Amino acid sequence: MTGSLPTRELIIQATYLVSSVFFIVGLRGLSSPEKARTGMGYAAVGMLLAIAGTLIHAEIVSYTWVFGGLLIGSVIGIVIGRPLFISVPMTAMPQWVALSHAAGAVAATLVGVNEYMILSSAGTLPAGTMAALGFEVLLGALTVTGSVMAFGKLQEILPGRPVTWPLQNVMNLALLAGALGLVAGLMLHPEHAIYFWVMLAIAASLGVLMVLPIGGADMPVVISLLNAYAGLSASAMGFALDNNLLIIVGALGGASGLLLSILMCKAMNRSFTNVIFGAFGSPVAAAAGKLADGREMRALTPEDAAVRLAYARLVVVVPGYGLAVAQAQHALRELTDLLEKRGVEVKYAIHPVAGRMPGHMNVLLAEANVPYDQLFDMEEVNGEFPRTDVALVIGANDVVNPAARTDPASPIYGMPILDVDKARSVMVLKRGKGAGFAGIENELFFDPKTFMLFGDAKASISRLVTEVKAL
Amino acid sequence: MSLTTVLQLYVFVLAGFVGYQVISRVPPLLHTPLMSAANALTGISLVGSLVAAGSNHGTLSNVLGFIAVICATVNVVGGFLITDRMLKMFKRDDRKSK
Chain P
511 MTGSLPTREL IIQATYLVSS VFFIVGLRGL SSPEKARTGM GYAAVGMLLA IAGTLIHAEI
571 VSYTWVFGGL LIGSVIGIVI GRPLFISVPM TAMPQWVALS HAAGAVAATL VGVNEYMILS
631 SAGTLPAGTM AALGFEVLLG ALTVTGSVMA FGKLQEILPG RPVTWPLQNV MNLALLAGAL
691 GLVAGLMLHP EHAIYFWVML AIAASLGVLM VLPIGGADMP VVISLLNAYA GLSASAMGFA
751 LDNNLLIIVG ALGGASGLLL SILMCKAMNR SFTNVIFGAF GSPVAAAAGK LADGREMRAL
811 TPEDAAVRLA YARLVVVVPG YGLAVAQAQH ALRELTDLLE KRGVEVKYAI HPVAGRMPGH
871 MNVLLAEANV PYDQLFDMEE VNGEFPRTDV ALVIGANDVV NPAARTDPAS PIYGMPILDV
931 DKARSVMVLK RGKGAGFAGI ENELFFDPKT FMLFGDAKAS ISRLVTEVKA L
Chain E
59 MSLTTVLQLY VFVLAGFVGY QVISRVPPLL HTPLMSAANA LTGISLVGSL VAAGSNHGTL
119 SNVLGFIAVI CATVNVVGGF LITDRMLKMF KRDDRKSK
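Residue numbers (the working numbering), protein chains in the order written: chain P, 511 to 981; chain E, 59 to 156.
Just so you know, these hints were derived from the structure itself, not from any lab. Just so you know, these numbers come straight off a predicted model, no measurement behind them. Any given hint could be a false lead.
As the list claims (entries may be wrong) - Among the chain E residues that face chain P by a calculated CB cut under 8 Å, a handful are: (1) Val64; (2) Phe70; (3) Leu88; (4) His89; (5) Thr90; (6) Ser103; (7) Phe124; (8) Gly136; (9) Met147; (10) Phe148; (11) Lys149; (12) Arg150.
Stated by the list, open to error - Here are a few chain P residues that sit away from chain E, every Cβ distance over 12 Å (derived from the structure): (13) Ser715; (14) Arg818; (15) Ala913; (16) Asp966; (17) Lys979.
Glycine is no exception: its CB is placed at the ideal position from the N, C-alpha and C atoms.
Produce the entire structure from the sequences given, and follow the hints as far as they go.
This is the structure:
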């Protein structure tokens, strides 16, 4: 840090500084839907500046690989990102984000591996740099395999339910400790390449082992957590390469991922450790369609359901993952449009952890052109339920389960829920009589004011549309 | 610990703090685009990949860098495009403003 920098280096640093500001201003834009697109435009400028600044780096002597890589990467990125080429449905968004995490983390890992090989063979690897490289590769490799696993689970290539075995957590913690121990060993003896490769292998297997026991309903937390790891890995790369821009942007990504995971955990009233180590969502054996005291669910015909909806004053729609699975958001929009034309007030109640990623329901409904001022957060809408004529629950289960308030023995006890049970009547669209994703029986479905409409959500809603039109 | 490392830690902590402050203002409505945006941002590892791909440390190093550049670019380009595609869908109710 002594002496003045060469002009070229000064230009790079100046570009990086401006770039960092653009990134922060860009993220600031996400605080409102009107400014969000412009904000992301700023962030994109920041990224372009970062690339431009890097391209004049003194260490780059040949541009063949550089531009070749940029070109191929851009083409693949455009193919994935543009609906014109491959149409990725909005329901598949979580797994595509997971896949994109994996790609970024592969880059971070490879750069770390490369840097280690260069520096260790030159014999100039200070302990501090080694620690940074260690963390970069550790977090990077873990993110790669973890994201691929998350992709597999969400895409249903792998079983979505948690996979557990005895001493799982002890084993994972031991592996993590082992990997950290190897990083420490490398700081003292960077020439022991075997440490490095074993650490890399442990990190990669940890990614798999960490995601295996986590069930579908906890996926939002995992995806945000992987986001945080990818960011921290980039930051570590910044420490290793003496690059402040990497440190800053990595920290921004890390903060975002961490904050989102914390928010998701809060929304479920569960601690971080509980999500990671709890293997929530283990199947519970329960008799389908019947409670212990013998009460049964009551089914409703679509004709009756349509009448109830059409003559209501206020209908609050509670969407859940089932809506996304059935791809029923467009049909739902059609139904609510019809109801609004008849003078029914329609609101959407969005639970923070409905779906498989943070804010999943918001994007899904936005895709169906539902205006965002009709979407309400849990705190905003809960007071409305007592004056709600029909609460229309579509493919949601645990987020409306009153057991979270009343039954201390329930695994979801304490989780804030949408107070659907306070509505004057409840209509539940559900695929079958089985318990929800978490395998917990839902008392709400047996409430005397609750009526069930069984079947595929899309088919049921389309049927309701026809019936409402016929009225 | 060198002065550079100390300064880097300053930068890291302050950037993390700024990030936390800025991001806690993002409404739940935009949490998915936020996640996707943060994903695009972590593609910043492209910066390190570019140097590795173009530096003079042997072919293996360049090939590793080359693959890293491809992956990071996919992350960046794909991330920004997907975020924009999502944000485009968020609309106000036009009927009310008319």
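Evaluation of the provided hints:
1. Val64: violated (10 Å)
2. Phe70: Interface hint status for E:Phe70: holds (5 Å vs cutoff 8 Å).
3. Leu88: holds (5 Å)
4. His89: holds (3 Å)
5. Thr90: With Cβ-Cβ at 4 Å, under 8 Å, it holds.
6. Ser103: With a minimum Cβ separation of about 4 Å from chain P (threshold 8 Å), the hint on E:Ser103 holds.
7. Phe124: For E:Phe124, the interface hint holds, since the closest Cβ of chain P sits about 4 Å away, which is under 8 Å.
8. Gly136: Check passed: Cβ of E:Gly136 comes within 4 Å of chain P, closer than 8 Å.
9. Met147: holds (4 Å)
10. Phe148: Interface hint status for E:Phe148: holds (4 Å vs cutoff 8 Å).
11. Lys149: Check passed: Cβ of E:Lys149 comes within 6 Å of chain P, closer than 8 Å.
12. Arg150: Holds - the Cβ of E:Arg150 comes within 8 Å of chain P, reaching about 6 Å at its closest.
13. Ser715: The claim stands: P:Ser715 keeps its Cβ more than 12 Å from every Cβ of chain E (closest is about 21 Å).
14. Arg818: holds (25 Å)
15. Ala913: holds (24 Å)
16. Asp966: holds (24 Å)
17. Lys979: holds (20 Å)
Consistency note: the structure conflicts with earlier hint 1 alone.
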